[in-house]
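Residue numbers (the working numbering), protein chains in the order written: chain U, 1 to 254; chain Y, 1001 to 1334; chain D, 2001 to 2342.
The set of hints was computed from the structure by calculation and includes no laboratory data.
The structure presented is a predicted model; accordingly, all values stated were derived computationally and were not measured.
Quick reminder that beta carbons are idealized off the backbone N, C-alpha and C, glycines included.
Hints should not be assumed to be uniformly reliable.
[To be verified] Partial selection, computed: residues in chain U whose CB lies under 8 Å from chain Y:
id, residue
1, GLU55
2, PRO70
3, ARG74
4, ALA86
5, LEU99
[To be verified] Distance windows between CB atoms, simulated:
id, chain 1, residue 1, chain 2, residue 2, range
6, Y, ALA1318, U, GLU209, 52 to 58 Å
7, Y, ILE1153, D, GLU2332, 24 to 30 Å
8, Y, VAL1131, U, HIS202, 35 to 41 Å
9, Y, LEU1055, D, GLY2181, 29 to 35 Å
10, Y, SER1043, D, GLY2181, 29 to 35 Å
11, U, HIS13, Y, ALA1318, 45 to 51 Å
12, D, LEU2071, Y, TRP1108, 45 to 51 Å
13, D, GLU2332, Y, SER1145, 33 to 39 Å
14, D, PRO2180, U, ALA119, 57 to 63 Å
15, U, HIS13, D, THR2100, 42 to 48 Å
16, Y, GLY1302, D, ALA2072, 51 to 57 Å
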Amino acid sequence: MLEAHGVVKRFGHVEALRGADFTARKGEVTALIGDNGAGKSTLVKVLAGAQPHDEGAVLVDGREIRFASPLDARRAGVETVYQDLAVADDLSVAANLYLGREIPLGGPLGRLGLLDKRAMRRGAAEALAELGVRIPRVTTPIAMLSGGQRQCVAVARAVIWASNVVILDEPTAALGVVQTARVLEVVARAREEGMSVVLVSHNMPQVLEIADRVEVMRLGRRTARFKAADVTTDDLVAAMTGALVTEPEDAELG
Amino acid sequence: MTALERDAGVQGRLGAWVSERVSVAVSEFTAAAALVVLFVALSLASPNFLTADNLFNIGSQTAVIAIIAVAQTMVIITKGIDLSVGSTAALAGVMAAIVVRDLGVSVWTAALVAIAVGAACGLVNGLLVSVVRLPPFIATLGTMSAGRGLVFIVTGAVGVYSLPESFQLLGNGQIGGVPFAIVVTALVALAVGYLLSQSRFGQHVYAMGSNLEAARRAGIAVRRKLTAVYVLAGALVGLGGVIAASRVNSGQPNYGIGLELDAIAAAVIGGASLFGGQGRIAGTLIGAFLIALVRNGSVLLGISIHYQQVIVGLIIWAAVAFDQFRRRRLEARG
Amino acid sequence: MSPRFRSRWTIALLAAAATFALSACVEVRDGGGGEETGPVDGPLEIAVAPKAVGHEFWNTVKAGAECAAGLAEDVTVTWDGVAAETDIEGQVNLIQNFVTSGVDGIVYAATDSAALAPATQSALDAGVPVAMIDSGTDPQPSEVPLYATDNRAGAVEAANLLADALGEGDHEVALIEFQPGSQTNTERAEGFTEGLAAHANLELVAQQPSHSDVNEARRVTEDILTANPELDGIFAANEPSVLGAIQAIESAGKTGEVTVIGWDAAPDEVAALEAGQIHALVVQNPFNMGFLGVQSMIEHLREGTPMASADTGVTFVTAENMASEEVRAVLEPSCDNPPVDQ
Ligand SMILES: Nc1ncnc2c1ncn2[C@@H]1O[C@H](COP(=O)(O)OP(=O)(O)O)[C@@H](O)[C@H]1O
Ligand SMILES: [Mg+2]
Chain U
1 MLEAHGVVKR FGHVEALRGA DFTARKGEVT ALIGDNGAGK STLVKVLAGA
51 QPHDEGAVLV DGREIRFASP LDARRAGVET VYQDLAVADD LSVAANLYLG
101 REIPLGGPLG RLGLLDKRAM RRGAAEALAE LGVRIPRVTT PIAMLSGGQR
151 QCVAVARAVI WASNVVILDE PTAALGVVQT ARVLEVVARA REEGMSVVLV
201 SHNMPQVLEI ADRVEVMRLG RRTARFKAAD VTTDDLVAAM TGALVTEPED
251 AELG
Chain Y
1001 MTALERDAGV QGRLGAWVSE RVSVAVSEFT AAAALVVLFV ALSLASPNFL
1051 TADNLFNIGS QTAVIAIIAV AQTMVIITKG IDLSVGSTAA LAGVMAAIVV
1101 RDLGVSVWTA ALVAIAVGAA CGLVNGLLVS VVRLPPFIAT LGTMSAGRGL
1151 VFIVTGAVGV YSLPESFQLL GNGQIGGVPF AIVVTALVAL AVGYLLSQSR
1201 FGQHVYAMGS NLEAARRAGI AVRRKLTAVY VLAGALVGLG GVIAASRVNS
1251 GQPNYGIGLE LDAIAAAVIG GASLFGGQGR IAGTLIGAFL IALVRNGSVL
1301 LGISIHYQQV IVGLIIWAAV AFDQFRRRRL EARG
Chain D
2001 MSPRFRSRWT IALLAAAATF ALSACVEVRD GGGGEETGPV DGPLEIAVAP
2051 KAVGHEFWNT VKAGAECAAG LAEDVTVTWD GVAAETDIEG QVNLIQNFVT
2101 SGVDGIVYAA TDSAALAPAT QSALDAGVPV AMIDSGTDPQ PSEVPLYATD
2151 NRAGAVEAAN LLADALGEGD HEVALIEFQP GSQTNTERAE GFTEGLAAHA
2201 NLELVAQQPS HSDVNEARRV TEDILTANPE LDGIFAANEP SVLGAIQAIE
2251 SAGKTGEVTV IGWDAAPDEV AALEAGQIHA LVVQNPFNMG FLGVQSMIEH
2301 LREGTPMASA DTGVTFVTAE NMASEEVRAV LEPSCDNPPV DQ
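Work out the full structure, taking the sequences as your base and the hints as a guide.
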């Protein structure tokens, strides 16, 4: 379980998060929605350890954790697809999938820092195939890929490595119908494996289709939370614009 | 409609893959082809070109600039630039000469001193870039100026002369008939080439230059590694500086003014991109030798220095324009 | 004494005598000082700037300047210069800064004759007298003297020395110049080709610049030797050019085969002369430049004496004459035994 309590994040005079709360549970897809500028991406970066927060707490399985770096979050099993994707354009697909987690060669050469590129190519190809992501070659530099293909690589990288939490910030924005369906399949699979999945999306039908619960942000705070089964698109839009405010207890959300 | 056209998706991807491989290779290939053409042309134009002596001369003349261009390439791949290589090389060279003259140490100890001096300059650059977060251009501009000042301070603005014959070993000695400087250059190029293309560190160097934030979020210790790149580059520049000093058996306070431009030119001709994330040691070596051949050939053919400079300028334009063209084509497709 | 050794002392002496006579005349006519710069009694600060710091030559200039200041009372020399001779703009700024900082007089060597002319003029306009050493400006105001080597005459003589050394028969020779476009370089290069014209058996087969960089000089010399395997002689026209050229000849195993005439007398050049790597050196008298520049500036400031140009002379040094008293004074100048006419 991944929680945030009263998180505040300031950029100079701009207060992007003003005491934001958030909860994502194991084996559930939690959708995080909100108008542009509501603070969703900022919250995602705080949860992923990519940006330190100024006040409040982040809890993993009930224990407060302060990620000193993205590496700490990764170690805690939290993987993220950032809205800007955070891929290295000049590196190949395989290199991006293994970035920061390269496979060394066996023996003394590996201890010298030399890489087993063949193993990484093979691993990348297998992982992509398993996720149904179609990329012509894992040796292709990311710069050569279409926007949708890049997004697929970023999603694949997150789900391959996640063991606890997967956070996806608008992962289907650049995708076509078929690719979107694939990503949603991947999301569903991660849930089946018992992970907490956080999905930031503007696509209301998609949210209602895949999410178990929905949390709504407005002006840097959570203003509403719903069980996806109990809610309509109109309710969600009303919550996003501030017309509807509801903060039920955890228990009510089952 | 043919089967190939029907399967346009596969065809398109295959085509993209092929043309991508080709175009990446082509920028290096163009430089290499220019090198070969120039080589053949000079062999035909001058009877004195294709002689072992002349080729060894070219090799030794290019050694220092090649080593420094290799260092520059590492920095350029991180989206940085090192303007301080000339000052660093001069400082390393005069320090090596001074310890030989005043302490009577061997040329090998002097080389270690030079490498350490270079690494120290690199450490300053690295900390300024990664911790103080100065733009690399500014950080190394400062080091360039301060370093040159330091050279004049430690030498009293006089060349360091009266060195023992043995100091020349590094720049003028031979191993099995091959000039030592060439052997050192080859070893440096191999080691750094391998480091960049085959090691985890190298992978991270490209990643940092390509997208620093992505590298950071991937858990790479970007400050430490960026600093390490500058330190390593500085150490190589120090090595280049002591070889240069050894070649003229003296420490020259004015050595290396403008050297950064040669080093950047070699890297860029070889396909390194000032936008970061791209560059290969093989390409840089080709660039360095291309420049060296133009200079050597001009003297052999009695062409004035002014034309040499024009020719080098044309090569830089052509190499970078071609690179831009290639990139735009890739982006248009992507 | 070898005919190759021709001291220009006589000329220098005559020039000095003429200067003296002339200045005496002018002083009478002028009747005691100009309007702008009346005689100064208190302490004097004289700024002295070389073309660039970092070469033996300019340090000897500095020693001469400080010697002249030491012989006078209450005079300090401020020594500052740009890092590279090519940094012309830097020198323009330096001269301006001297004026701003309120020095009493400026003695300097112009990195570029045209570019520095306005800098000299604005110093004069600000009431700061200027004396040029080594390299003057173009135009050069009449009240600004030049204490310099006659580069052209020295280079003509270098060609003669080379011809004498090579002897009868046809010979290929090369010129290593240093900074194409600079006035000193032009004078030496032209003087050398002018001198060669008098020797039909010498052919100039290569001419390349070193940009006053030893490594660069070595590189172009190596390439010239490759291009011209029959090369017999080289005239290298300044200190870094000479040092690079002899390195190249040494590494090509051609020491002794290629006759080198050098310019100036840095310690390694003198050592190479002793070792037989260099046949003769055309040695200027930088000490005298610094000395005369500062000495006449002091007289001008203290007594209002107008300053007048002088040739500082060259000495042709070979292995045979290098032990002589006169030559020693030029090679190892010191304030105890200054190579100047006092
Ligand atoms: N690095 C930053 N520097 C300054 N302001 C920022 C930064 N990142 C986000 N913000 C501001 O924080 C607010 C929330 O942004 P963001 O989290 O990206 O919103 P969302 O993802 O919900 O559209 C916006 O007003 C945005 O301008
Ligand atoms: Mg966002």
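Notebook entry, point to check: Between ALA1318 (chain Y) and GLU209 (chain U), does the beta-carbon spacing fit 52 to 58 Å?
Noted result: holds, 55 Å
Check: Given a hinted range of 51 to 57 Å, is it respected by the beta-carbon distance of GLY1302 (chain Y) and ALA2072 (chain D)?
Finding: About 52 Å separates the Cβ atoms of GLY1302 (chain Y) and ALA2072 (chain D), which means 51 to 57 Å holds.
Next item on the list: Look at the Cβ atoms of GLU2332 (chain D) and SER1145 (chain Y) and judge whether their distance stays inside 33 to 39 Å.
Entry: holds, 35 Å
Next item on the list: Could you tell me whether the CB distance from VAL1131 (chain Y) to HIS202 (chain U) stays inside 35 to 41 Å?
Entry: The hint (35 to 41 Å, Cβ to Cβ) holds, given that VAL1131 (chain Y) and HIS202 (chain U) are roughly 39 Å apart.
Check: In this structure, is the beta-carbon distance linking LEU2071 (chain D) and TRP1108 (chain Y) contained in 45 to 51 Å?
Finding: The hinted range 45 to 51 Å holds for LEU2071 (chain D) and TRP1108 (chain Y), with Cβ atoms some 48 Å apart.
Checklist line | Consistency of beta-carbon spacing, ALA1318 (chain Y) to HIS13 (chain U), with hint 45 to 51 Å | finding: Distance hint for HIS13 (chain U), ALA1318 (chain Y) holds at roughly 49 Å.
Checklist line | Supplied distance hint 29 to 35 Å, evaluated on CB atoms of LEU1055 (chain Y) and GLY2181 (chain D) | finding: holds, 32 Å
Margin query: Assuming the hint says 24 to 30 Å, is it satisfied by the Cβ distance from ILE1153 (chain Y) to GLU2332 (chain D) or not?
Written below: holds, 25 Å
Item checked: Proposed interface contact between ARG74 (chain U) and chain Y, which counts if any beta carbon pair is under 8 Å -> Result: holds, 5 Å to nearest chain Y Cβ.
Item checked: Supplied contact hint for LEU99 (chain U), tested at 8 Å Cβ to chain Y -> holds, 4 Å
Item checked: C-beta pair SER1043 (chain Y), GLY2181 (chain D): status relative to the range 29 to 35 Å that was hinted -> holds, 33 Å
Checklist line | Satisfaction of the hinted span 57 to 63 Å by the C-beta atoms belonging to PRO2180 (chain D) and ALA119 (chain U) | finding: holds, 58 Å
Checked against the numbered hints given earlier, the structure breaks only hint 1 and satisfies all the rest.
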